[in-house]
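Chains as they are written, first to last, in our numbering: chain A, 26 to 265; chain B, 26 to 265; chain C, 26 to 265; chain D, 26 to 265; chain E, 26 to 265; chain F, 26 to 265; chain G, 26 to 265; chain H, 26 to 265.
Rather than coming from a laboratory, the hints here were simulated on the basis of the structure. Heads up, a few of these hints could be off.
As the list claims (entries may be wrong) - Below 30 Å or equal to it, Euclidean Cα-Cα: the simulated DSS-like pairs (lysine-lysine) are:
id: 1; chain 1: E; residue 1: K219; chain 2: B; residue 2: K219
id: 2; chain 1: G; residue 1: K28; chain 2: F; residue 2: K177
id: 3; chain 1: E; residue 1: K28; chain 2: E; residue 2: K177
id: 4; chain 1: H; residue 1: K219; chain 2: A; residue 2: K219
id: 5; chain 1: B; residue 1: K177; chain 2: C; residue 2: K98
id: 6; chain 1: D; residue 1: K219; chain 2: F; residue 2: K219
id: 7; chain 1: D; residue 1: K121; chain 2: E; residue 2: K219
id: 8; chain 1: C; residue 1: K75; chain 2: C; residue 2: K98
id: 9; chain 1: G; residue 1: K28; chain 2: F; residue 2: K75
id: 10; chain 1: D; residue 1: K219; chain 2: H; residue 2: K219
id: 11; chain 1: G; residue 1: K219; chain 2: D; residue 2: K219
id: 12; chain 1: A; residue 1: K177; chain 2: H; residue 2: K75
id: 13; chain 1: G; residue 1: K177; chain 2: G; residue 2: K28
id: 14; chain 1: H; residue 1: K121; chain 2: B; residue 2: K219
id: 15; chain 1: H; residue 1: K75; chain 2: C; residue 2: K219
id: 16; chain 1: A; residue 1: K219; chain 2: C; residue 2: K28
id: 17; chain 1: E; residue 1: K219; chain 2: C; residue 2: K219
Protein chains: 8
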Amino acid sequence: MTKPEQTRILETFARLDHERAHRTGIPEAVFAEGKTAPQIAALLYALAEKVGYALATRVQPMTAAQVVDELPKIFNTSYNQPGRTLVTSRPDYEPKSTGGKIAILAAGTSDIPVAEEAKVAAEVMGCEVLTFYDVGVAGIHRLVQPVEDILKQDVAAVVVVAGMEGALPSVVRGIVPVPVIGVPTSIGYGYGGKGEAALMSMLQSCAPGMTVVNIDNGFGAGTTAALIANRVVQAIAGKR
Amino acid sequence: MTKPEQTRILETFARLDHERAHRTGIPEAVFAEGKTAPQIAALLYALAEKVGYALATRVQPMTAAQVVDELPKIFNTSYNQPGRTLVTSRPDYEPKSTGGKIAILAAGTSDIPVAEEAKVAAEVMGCEVLTFYDVGVAGIHRLVQPVEDILKQDVAAVVVVAGMEGALPSVVRGIVPVPVIGVPTSIGYGYGGKGEAALMSMLQSCAPGMTVVNIDNGFGAGTTAALIANRVVQAIAGKR
Amino acid sequence: MTKPEQTRILETFARLDHERAHRTGIPEAVFAEGKTAPQIAALLYALAEKVGYALATRVQPMTAAQVVDELPKIFNTSYNQPGRTLVTSRPDYEPKSTGGKIAILAAGTSDIPVAEEAKVAAEVMGCEVLTFYDVGVAGIHRLVQPVEDILKQDVAAVVVVAGMEGALPSVVRGIVPVPVIGVPTSIGYGYGGKGEAALMSMLQSCAPGMTVVNIDNGFGAGTTAALIANRVVQAIAGKR
Amino acid sequence: MTKPEQTRILETFARLDHERAHRTGIPEAVFAEGKTAPQIAALLYALAEKVGYALATRVQPMTAAQVVDELPKIFNTSYNQPGRTLVTSRPDYEPKSTGGKIAILAAGTSDIPVAEEAKVAAEVMGCEVLTFYDVGVAGIHRLVQPVEDILKQDVAAVVVVAGMEGALPSVVRGIVPVPVIGVPTSIGYGYGGKGEAALMSMLQSCAPGMTVVNIDNGFGAGTTAALIANRVVQAIAGKR
Amino acid sequence: MTKPEQTRILETFARLDHERAHRTGIPEAVFAEGKTAPQIAALLYALAEKVGYALATRVQPMTAAQVVDELPKIFNTSYNQPGRTLVTSRPDYEPKSTGGKIAILAAGTSDIPVAEEAKVAAEVMGCEVLTFYDVGVAGIHRLVQPVEDILKQDVAAVVVVAGMEGALPSVVRGIVPVPVIGVPTSIGYGYGGKGEAALMSMLQSCAPGMTVVNIDNGFGAGTTAALIANRVVQAIAGKR
Amino acid sequence: MTKPEQTRILETFARLDHERAHRTGIPEAVFAEGKTAPQIAALLYALAEKVGYALATRVQPMTAAQVVDELPKIFNTSYNQPGRTLVTSRPDYEPKSTGGKIAILAAGTSDIPVAEEAKVAAEVMGCEVLTFYDVGVAGIHRLVQPVEDILKQDVAAVVVVAGMEGALPSVVRGIVPVPVIGVPTSIGYGYGGKGEAALMSMLQSCAPGMTVVNIDNGFGAGTTAALIANRVVQAIAGKR
Amino acid sequence: MTKPEQTRILETFARLDHERAHRTGIPEAVFAEGKTAPQIAALLYALAEKVGYALATRVQPMTAAQVVDELPKIFNTSYNQPGRTLVTSRPDYEPKSTGGKIAILAAGTSDIPVAEEAKVAAEVMGCEVLTFYDVGVAGIHRLVQPVEDILKQDVAAVVVVAGMEGALPSVVRGIVPVPVIGVPTSIGYGYGGKGEAALMSMLQSCAPGMTVVNIDNGFGAGTTAALIANRVVQAIAGKR
Amino acid sequence: MTKPEQTRILETFARLDHERAHRTGIPEAVFAEGKTAPQIAALLYALAEKVGYALATRVQPMTAAQVVDELPKIFNTSYNQPGRTLVTSRPDYEPKSTGGKIAILAAGTSDIPVAEEAKVAAEVMGCEVLTFYDVGVAGIHRLVQPVEDILKQDVAAVVVVAGMEGALPSVVRGIVPVPVIGVPTSIGYGYGGKGEAALMSMLQSCAPGMTVVNIDNGFGAGTTAALIANRVVQAIAGKR
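Model the full structure from these sequences, guided by the hints.
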């Protein structure tokens with residue numbers, strides 16, 4: 026894709042908001058669902074040019090291959106298959122680590138894609154991310170190690186991803202003194218099986234200090250956790 | 026209420042099924058909601074005469090007082106206020122203990138009424154009932170004692186009553202080798218707050234070995250648990 | 026699949042809980058939906074090595090063929106096509122019959138897959154299973170034989186599988202003195218046709234002594250029934 | 026209420042359709058919910074003057090007393106308390122029996138009000154009505170007598186009223202060669218307890234030859250059954 | 026398919042109820058959704074042998090071709106493509122006309138498949154069927170001719186099929202003195218677009234004398250209408 | 026209420042937006058539900074002082090009496106009881122007629138309150154309002170006169186208020202060349218009876234040129250119709 | 026397609042209503058979903074012959090190509106791919122501009138198809154249409170230019186298309202003195218993600234002067250806006 | 026209430042978890058709904074004795090007066106009427122300010138009770154709280170001042186409370202670089218009017234960096250915001 030092609034595609038359908046990271050602390054990302062590979066590529070290209078890097082979410086493997094083809098070869102581009110995220114950056118772009126730190130837990134193996142989306146989103150914002158997968162409530166002993174690490178490493182926020190009955194975030198929130206962001210997933214079956222059971226459970230949970238995002242919204246959870254972590258780091262820096 | 030009055034009231038609206046205990050293992054009970062005190066009294070009177078005793082559920086305190094007044098003074102009648110149950114028996118009736126044993130757990134203090142309804146129903150069926158209240162998942166350490174007792178006393182089935190996010194039955198089921206009957210309650214607020222969240226969670230739960238009854242159905246859970254416990258006892262008796 | 030391959034696959038996404046049968050009375054099973062054939066094979070392999078045997082549910086025919094290919098040839102592996110279950114065991118594993126006995130009824134021919142899932146699950150737990158299919162309420166005379174058998178054979182629990190209006194479990198429960206576990210299926214159409222009508226009916230049913238599992242959850246119903254049956258047998262053994 | 030008062034009240038809010046019985050075979054009735062006693066009285070007065078008689082449904086006892094007071098004393102007025110219906114007629118009006126015959130069954134004692142509304146509506150249309158109450162599926166043996174009567178008396182249509190899981194109409198339809206009209210009632214609790222479970226079950230029912238009306242719509246069911254019965258009678262008369 | 030093949034297939038999954046027509050006035054039909062062509066053929070074969078003819082509904086075109094292949098060539102078999110129904114009969118079977126007469130209206134062109142299913146079902150039961158399609162409420166003048174025909178031909182019942190907002194049955198019911206059976210269809214879009222809007226409208230309709238069946242249930246509506254029409258005819262015959 | 030009292034009350038909870046009429050063409054109104062009489066009075070007082078007049082909706086009769094008491098006696102205040110609206114104006118305020126003209130139809134007598142709310146709102150905006158009540162689809166002949174008047178008087182928009190199955194707006198829209206605004210009301214019962222059936226029907230309606238507002242939102246419909254009518258008048262004025 | 030072919034196809038399934046434009050101000054359009062290419066072509070052909078032109082909505086690209094093939098080559102036919110609309114006209118047909126003017130805003134790039142459907146519908150009715158796409162609330166500064174244009178160009182109505190949380194119409198309505206028609210789209214995910222969130226938001230919106238159509242109903246919104254705009258123009262013409 | 030009385034009441038129904046503040050960063054609070062005044066008093070008494078202070082939420086005014094009567098007179102007790110919260114503390118307890126700072130915005134005057142609950146909860150946790158009420162999106166200019174204050178005062182988190190269409194949190198999140206916690210309220214009417222519209226909108230919102238709590242859950246939002254604010258302060262302290 027040449028620069029003029031990119032411009033032409035963009036003009037037909039979109040208005041970029043590359044000031045968003047500055048204004049809100051979270052960069053604009055490309056939601057790939059329902060977009061063609063050239064559209065995704067054009068948006069990533071334009072954003073990366075302005076901001077240095079760009080992230081697309083919900084990119085199917087086959088689309089990802091096409092997008093990679095369309096992007097300039099000198100860009101650094103990587104695709105996270107389970108998380109279906111695609112990150113690209115200008116050759117001169119140096120990713121900055123903010124020093125912020127978060128943790129992400131996933132209840133079942135089917136919840137990993139959403140957790141990985143959250144992870145990539147937080148990393149793009151400069152945070153370090155600890156991950157603990159397959160630690161659902163059916164075997165609560167598996168939570169011991171993650172909780173110890175969360176406490177020791179002093180993470181600023183914890184993202185907990187769970188489908189089915191969605192009980193994990195409440196349990197985690199009950200044992201760590203850190204804000205928890207629950208992400209219900211569309212993993213389940215029968216009554217409440219498209220994520221409603223998990224969403225409802227998390228909203229009903231008796232554990233204050235926990236908030237939620239919509240079903241499967243790994244990006245929203247990861248960026249919010251990173252926003253909190255980055256604020257903690259900035260506050261320290263500001264006061265030093 | 027005289028015998029003829031009782032007969033006359035009954036004839037206008039109901040057909041008793043006093044063979045039900047024999048046929049299904051669980052006696053017919055009077056669901057008091059939407060019935061007048063004389064109707065409830067007439068039904069209890071007729072059932073107690075045939076079977077020896079009778080149980081009414083969902084009896085509001087004021088109605089209960091009226092029903093007690095209507096029943097023959099020589100009957101033994103007692104009202105469980107939190108559980109809103111009313112039990113009456115003929116003077117010559119000897120309650121039989123079957124030797125069956127079950128446990129009932131309630132997650133929050135607001136779940137106690139439903140738990141008590143389950144307890145009375147199981148006791149009427151001759152079972153011994155262990156109760157553990159206010160043991161919700163927010164403070165999981167509070168579960169230690171109940172679980173030890175359940176294991177030590179070798180109960181045949183456990184009823185777990187929970188509203189809000191309804192996570193307790195799954196957690197309990199994950200640590201005891203006994204069938205668990207979950208009872209969602211209509212305790213909650215906002216999205217899913219009339220018991221749907223709890224019901225959905227229990228149905229979605231990844232813990233096999235757990236089944237559920239409808240929201241607030243303490244009677245159904247208590248009688249099913251007692252049915253299981255009584256079968257265990259009968260089996261032993263039959264093989265001895 | 027070689028042992029090292031199996032280990033490598035497992036490490037990337039799952040933590041086995043092979044103590045579960047001991048702790049809860051029901052062995053861990055592999056829920057195949059959303060997993061690849063190598064993942065399913067790796068999990069079955071590892072579980073069978075530890076426990077002697079392993080069960081996977083919701084395995085599509087084509088996936089099943091692949092999984093069978095991946096498993097060691099010396100394992101005994103069998104696939105139940107209507108029930109979509111796959112069972113494998115170490116060559117030295119001797120299946121143990123516990124002596125527990127249950128019955129499974131299916132209302133319509135479309136409900137058979139869920140019933141078969143329940144059957145395999147209960148058999149894996151060592152129970153004997155009586156099945157009666159296509160005995161829906163539209164022709165109630167077809168229930169006579171099954172009920173007689175249930176009473177004569179003294180089964181410990183009955184699983185009743187039904188879609189559409191889901192009336193069969195209530196009717197069965199009204200005529201046998203045994204706990205009934207209702208399994209609503211996603212068979213139906215129009216309003217309430219994805220299993221909600223059947224689920225609601227079973228939860229509303231006026232028949233105490235009946236509990237339910239989620240829509241299409243044959244595994245949950247079969248294991249719970251087997252858990253009850255096995256407890257009855259253990260109780261007898263313990264008292265002898 | 027004098028004639029001028031009646032006229033004045035009517036003019037402020039309603040337009041009567043006293044030709045409806047002629048056009049559609051079912052007379053206009055007054056749905057009393059949300060209307061004041063004077064409004065109900067004025068409507069009944071005007072309809073009875075034109076047509077000879079008039080029916081109001083959903084009249085609360087206290088309102089009924091007021092309406093009776095407002096109507097001319099020479100009118101014949103009667104109130105059916107369980108059914109909450111009020112019928113009035115001009116002194117010169119002779120109710121005509123059409124010879125049509127229907128049956129009404131109610132599953133539980135709480136379903137009787139809806140059944141009585143259906144009964145009065147069908148009687149107002151000149152039909153003979155057989156009623157059988159408290160014959161729910163929990164004790165199916167109670168259905169034997171009603172079914173025999175239905176077959177012997179050759180009724181033209183059967184109305185079956187049921188709340189909770191709403192299984193009775195399907196069962197009845199499966200054993201009588203007569204169209205069945207199911208009326209779900211708002212009797213129930215928890216999930217599906219406002220009549221949705223009963224409505225869904227009836228719509229899902231595998232029994233062709235059964236149709237339904239909305240929850241608690243006794244009037245709609247009674248009038249439809251009477252319309253069918255009257256058509257049968259007219260057809261016979263026409264061919265004689 | 027040979028006779029032994031047919032028997033073998035049937036034995037594995039189904040129990041026929043060929044007495045149903047006698048008991049309930051409506052013959053058993055084969056609901057083809059979810060069944061294989063050999064299963065459908067075996068069921069049709071067996072039913073036609075016993076009863077003379079047999080009907081299958083919801084048969085996709087490609088499945089229909091396979092079923093026709095499997096059935097004995099000497100049977101008379103015909104497939105109604107829009108209605109997706111398949112009727113077969115023994116060579117010696119003489120279809121009997123009962124003399125019953127019904128009408129079927131469809132609101133839009135997309136509602137025709139459901140209307141055709143109703144039509145075939147009623148014809149199989151021996152009724153004459155008048156059809157009027159594309160007569161929706163958006164152009165009410167198109168109703169004039171159908172209504173005149175309905176009145177002149179003295180049909181016993183009218184089936185009205187409508188999707189979207191489902192207003193047609195109420196309008197029709199308001200102008201003909203005949204029972205109306207409303208069939209909501211799954212034609213629509215957005216909020217309420219899977220037939221819920223049409224179903225709700227019909228249930229809420231202020232027009233008494235109208236009942237409904239579930240979404241897309243042409244078979245249920247057609248057979249009920251035919252049951253009414255046949256009863257009218259029988260009544261006349263009985264009295265002559 | 027003195028001026029200082031009014032100010033003090035306002036300061037504690039509200040920020041007026043008295044420029045709204047200028048900016049959007051519709052004045053700010055006070056939604057009284059959930060507000061105390063002094064709060065409503067203070068808001069009306071402040072708005073009337075700035076703008077000349079003010080309107081409150083959903084004012085219960087008893088609250089209305091209190092509000093009237095609190096308002097300055099020299100204000101002109103009137104309460105529309107069926108519509109539960111309260112209008113007040115400064116003594117020097119001259120209501121201006123814009124010349125805009127709309128029509129409002131109500132299907133049933135129970136829909137009149139919502140229709141009256143719409144009427145008052147449109148009148149406050151200076152429009153002339155034609156009303157036609159109790160003209161539901163059950164007696165379509167009652168529509169003839171209203172439609173003639175609508176066409177003759179050349180109204181700019183029509184508001185159609187209907188509960189139950191909500192069919193009236195579609196029917197009206199099909200016969201007048203004027204934009205129709207449908208207002209579903211919460212009049213109904215059973216499935217869809219809180220206004221969902223009416224709302225769904227209107228949204229599904231096949232009649233383009235019709236839009237809707239939320240259930241019972243007479244104010245929204247009346248002001249939108251008046252906005253359209255006033256624009257037509259302004260356009261004429263602007264071009265003259 | 027020859028004329029006789031067209032006639033034959035039409036006769037089998039549809040009745041045209043080519044007087045609709047005259048009666049209601051909006052021409053009949055062909056809703057292509059669920060229709061075959063020959064059916065669509067036949068309908069367009071017949072309508073264009075009578076009225077001069079014809080519009081089909083929801084035409085998939087591949088179907089569109091087939092329809093174009095079937096239509097007479099001398100007709101002027103054009104397909105709008107994003108909007109999936111197809112317009113055809115007789116060679117002698119002169120499109121008339123009414124002078125009416127509306128604006129259409131789309132919140133996100135995924136909402137453009139629905140916006141384009143609205144645009145084509147309004148243009149077919151002779152209106153001029155201003156479009157502003159990708160102006161969602163996340164970057165409210167992007168609204169400045171559109172609002173200025175709307176005010177300056179004096180449009181008669183504004184269509185605002187938005188999915189996800191659907192907030193744009195309310196915001197727009199709060200700053201322009203013009204009626205706003207909100208169109209929720211089925212763009213979204215998780216809870217409320219099929220357009221329910223957007224629809225609910227728009228119905229709940231506190232902004233009077235806004236009405237809505239069903240999810241994805243661009244045609245309904247575009248035609249209603251054009252109807253308003255054309256009325257304004259006619260009013261001016263009438264008064265000149 | 027004497028100490029022994031308090032102990033006796035507590036023993037009958039509750040198990041306190043006074044370690045919760047230490048373990049999770051948020052103290053246990055008493056949810057008063059469904060509890061009697063003596064129960065609330067006993068819980069507050071016990072908690073305040075252990076921890077120094079205690080908070081009850083959802084305390085109705087009349088209950089509050091009774092609770093105040095029951096608590097020791099030497100305790101400092103205050104009731105926030107709009108927020109329905111009750112705070113009590115031991116005479117020797119010194120409230121500690123942590124230095125954390127948050128902001129709370131409420132869209133409408135009816136949302137203030139929920140906002141006040143959030144405020145009291147955050148203050149109890151030692152935070153300073155800026156409040157801005159009645160700043161809904163209908164008059165977006167009213168947001169200018171709050172946003173400036175939020176930026177200048179460098180708050181750590183913002184709670185935004187909104188009912189109806191719930192758009193405010195997204196708008197706020199789009200203009201401040203701070204995590205936003207949305208609280209939907211049950212303020213609304215018609216479709217989605219019990220808070221579902223607001224909840225759905227917030228979950229669908231395109232603004233990352235925003236999370237939500239359940240409908241009306243002011244306590245959950247206030248404590249989460251305070252938890253974040255306190256972590257920021259602790260982080261600074263820890264690094265100094």
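- Task: Please flag the earlier hints that this structure goes against, numbers listed from lowest up.
- Result: 2, 3, 5, 7, 9, 13, 14, 15, 16
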